[in-house]
Amino acid sequence: MAEPSNAFVLGLRQRGEPTRRRARGSSNRRRRAFGYALLAPMVLMLLGFIYVPLVDAVRTSLTDASLATPGSNYVGLRQYRDLLHDSRFWQIFYQTVIYTAVSVVGSLVLGVLAAVWLRGATRLSPFLRAIMLVPWIAPPLVAAFMWSYLYRDTGPLGQLAHTLGLTGQQPVDFLSDRNAVAGIAVAFMAVIQVGIWAGFPFVFLFALAALSAIPNEVYEAARLDGAGAFALFRWITLPLIAPVLETTALLLTIIRFGGADLPFLLTGGGPGDTTSVFGVLIYNTAFGSLDSSRAAALGVMVFVLTLPLSIVYVRRSMRQMRP
Amino acid sequence: MTRWLRIGLGTIICSYALLPLYWMVLSAVRPPDELSRVPPSWLPNSISFRNFTEIWTALPLARYLANSAIVAAGTALLAVTISALAAYSIVRFRSRWSGAVMAFVLFTLTVPTIVILVPFYQLLTTLGLLESRTGLALSYSVWAIPFNTLLLRGYFHSAYPTEIEEAALVDGCSRLSVLWRIVLPLSRPGLLAAATFTVLLAWNEFLWASVITTGDDVRTATVGIQLFVGQFGNNENLGLWMAAAVCLTVPVVVGFLTLQKHLVTAYSGVGR
Amino acid sequence: MSNDTSARALSRRAFLGRAGRVSASLAVAGGAVDVLAACGSSGSKGGGGSSSTKVNMWSQTYGDPKQFTAFVGKTAKAWNATEGHDLKWDIVPWTSALQKWQLAMTNGSVPDVGDMFFLQSRIVAGRKKWGPLDITDEVEKGMFGDWKRYVPVAQREASYKDRIYGIPWRIDVRGLVYNDQLMPKAPATLEELESMAAEAVGQHKLKAGGMTMGGSTAPYQALKTIGAMWGVEFLSEDLTKSMLQDDRWMEAVLWAQKAVKNKILLASAVTSLKGDPSEPMLNKSVAFQLGGNEVILPSAQASAPQLVDHLKSAPTPVGPTGKSTGTASTAQFSVFENSKSRDASLEWLKRLTDPDFAVELAKVAGQESADTEVQARQMTEFRRPFLEASRTALGIDQPTPAWAQLVAAPEGPISKLSLDIFGLRDPKASLKEAHEGTQAILDKLA
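Just so you know, the protein sequences line up as chains A, B and C, in that order.
With our numbering as the guide, the letters of the first sequence map in order to residues 1 to 323.
With our numbering as the guide, the letters of the second sequence map in order to residues 324 to 595.
With our numbering as the guide, the letters of the third sequence map in order to residues 596 to 1041.
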């Protein structure tokens, strides 16, 4: 079984890169047919189960449909216009961007730190690696409940903060604290923290894989030249794992932006709207206000907003795949 | 890094990672009156495993866990097979459509699931897949396939030299048997990684499972433990819920513990 | 070359063999899907029938899951022991009940009998094809006993446009719950409430005198409780107009804000949507719960057993209306239009709501009954003020199909109003905004 070669990490063209030339002939046609046949099930499933519903959602976003009443009328782009003029939309847009950006950056930093820390293989490594992965493995339902339990004014963190004198007269339930800094409520910061906690194993895994492909000789050579730990990290480790980190960051951003299970499970968007993000807004619009057309428009907007990121990711992957 | 720095840093990171789950286990082994004490103590004053013995009769937890396992296994089988075939095709049979296909797959990751929830539900109803674990497995597969495809594409890209396959083809193997006899064994880490990701998704999911299944016979564990939550969001028996949550989380953690070596190997591919 | 041809032939045969196996398994899978489709599509399309005897019921979970599931199982078994009965009683967790019902109502994937809330929304969403069944005729013929024995608020909430769509079963009455260790007796009037709250806060260093009931549905319920003391509801009696510009609402919300500022009521009980609805009571941060109900008792039993004997109940304090007005919300059991076993379902419904059975169900579920006959049999000292108040209580949920949208937190205008008021935003602007939003939704549904 082949381990990923060092050449791969250092960006060199590796052995085994397919070098097929376009050729004609029945064997080539059969080859291609086989290739398409392998591809077909996935394409069909995604087409049928995601793209067709997506088209349906786009169609719904152009109407005034609601889950409450039958029938709907075509209203063109009115839902989109209403959204863009809704200050609540922009407030939640701002919050979603902050949530995504901060939690992704936080996860990156923590994930890389954890990977660097764990880099040396020891007997405990498998055990420690599993511990690092726990925030990602735990069911979001359980994790969210436990964090909200910890954050309560009667919970350990709430009580700890109070003992440390951070919360004034009474202990505070962090997840319902509306006090805001730069428009970001304390409750939201608490939610973002949970996002970082849940996301860093994802980065950790990729970073660890990338790190394990860097040969020790490189480090030793640099150490002989007199480089200290920080210099090693800054000039060797970081540049070498940067491509992997970029990709991971892109993926994580894409997932975080549209995803909402953590904010939803932690606070449901409350108090008020202070911890709401797009996913929560879509959910509440569809199942709370029963405004399925507006929710569909929101969803389409989220999709459109993450499109540039997706295109960047695809482009990079395509470039890397070319011989 | 100096030794003490290493140990200190490691302790901090590990504690941070484990904090909520430590509290979960702590709460599960606490006697009930300690559970509501304010301020709560960080270490147990007394340990009681009563919740862990009671939970198996309070709910048919064994059945729920079995259902979760069945759905997870079914999802993994379906999703990994389809994604692996597709990823292999993208990497080995590159055509001018490869970029488009990649984009196609990636865009599905960016669609928030809630948006397609209602039409997806209609689709499942038409196919008659409500109230079944098959329907659940199918739904989860749909959501797992995009990420799996990306993961496996990166994996196949660099997992092993293609000369092996080419040699087998020259020797007269059919493409299908190349898949079966060469690709499959050689790509086990990657497939395993995709399978673990898929199993995780299926095992942990709550909302969709609770919406499309109702009967107690097909209920999964995540839905099962929510039976403790009352109409106003209050928990009927917090200690039991904690014990159930532990039973829900432990299998996946143990699974990851045994398989994480392969994960690290496999994940090295996605970055490319 | 011959090698090549034979190789190709070899591979073709192998391919065909392999392909054959693949397509065979696909056929099996396809067949399996067909079988599932046949099983799954029963009862999901429009058009009911009475030929079948299979009755499927969904109810939410109540009380201790172990006891409730045991009771459900035992009941179904006993019912099915009779010839011609085929009941499947499924339990739905509360956390996802709303989404589950709403999705089911989009295409009629509903059971035969259901434990309903937001009944009128379901009637409209079901478009007479798969919504709750109109059982007015059966009720008038006396199939379900004397309709008048249900308290007025229950009768209203089970009806829509003068037709009956469900039989009431449980009622959630709100009154005053207090801790006699922190507050020696129940305040009879609003003024007494204020002074006793101040005393309790001073004496016991409380967070606030009291709280309204918390949880995910807190916002609109808190506001309703307060509005009831001024005798005003959110909507007009005919359910077509918003009452939010009524002067009494201005007085009510001003009082609510005063209560927050003077530590009479805890704002966070209203604004944080998650968490245990009685927690501040249970850990003695507050002395009373205005608009509390008996659900605090099992919570206390589980997490603060020493508190149970000190929890007392009382009628809602008297406000400017001069009399004590409680609020209550009820739930119903309904049969669905597209049920393929209408007669069997109605028979089961009759059994469900029969007082002899209803009293047992209420006991296991830990619920108060909307049926005065059953109430007489489930009276306790704690329940007394609640059950008495139920006769004259105002409906927490007003029976309009727009209700789900109006009170959805944090979206709906009424919930948003409550969050704004308890968040101490400008009452005049908040009321105006809520009024416009409410009227818009009502007009849309008219």
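No lab work stands behind these hints: they were computed from the structure.
Remember, predicted model here, so these are calculated numbers, not experimental data.
Certain hints may be false.
Mimicking SDA-like on lysine to any residue, the simulated pairs with C-alpha atoms at most 20 Å apart in a straight line are [to be verified]:
1) C/661 to B/495
2) C/1027 to A/70
3) C/1027 to C/907
4) C/724 to A/70
5) C/672 to B/540
6) C/907 to C/789
7) C/683 to C/647
8) C/661 to B/361
9) C/945 to C/671
10) C/661 to B/333
11) C/853 to C/907
12) C/661 to B/384
Away from chain C, derived, C-beta distances all over 10 Å, residues of chain B [said to hold, decoys possible]:
13) 358
14) 539
15) 553
Virtual Cβ for every residue (Gly too), placed ideally from N, Cα, C.
Here's how the hints hold up against the structure:
no.: 1; hint: C/661 to B/495; verdict: violated (63 Å)
no.: 2; hint: C/1027 to A/70; verdict: violated (29 Å)
no.: 3; hint: C/1027 to C/907; verdict: violated (38 Å)
no.: 4; hint: C/724 to A/70; verdict: holds (11 Å)
no.: 5; hint: C/672 to B/540; verdict: holds (15 Å)
no.: 6; hint: C/907 to C/789; verdict: holds (18 Å)
no.: 7; hint: C/683 to C/647; verdict: holds (13 Å)
no.: 8; hint: C/661 to B/361; verdict: violated (28 Å)
no.: 9; hint: C/945 to C/671; verdict: holds (14 Å)
no.: 10; hint: C/661 to B/333; verdict: violated (42 Å)
no.: 11; hint: C/853 to C/907; verdict: violated (26 Å)
no.: 12; hint: C/661 to B/384; verdict: holds (11 Å)
no.: 13; hint: 358; verdict: violated (6 Å)
no.: 14; hint: 539; verdict: violated (7 Å)
no.: 15; hint: 553; verdict: violated (6 Å)
Comparing the model with each numbered hint stated earlier shows that hints 1, 2, 3, 8, 10, 11, 13, 14 and 15 do not hold.
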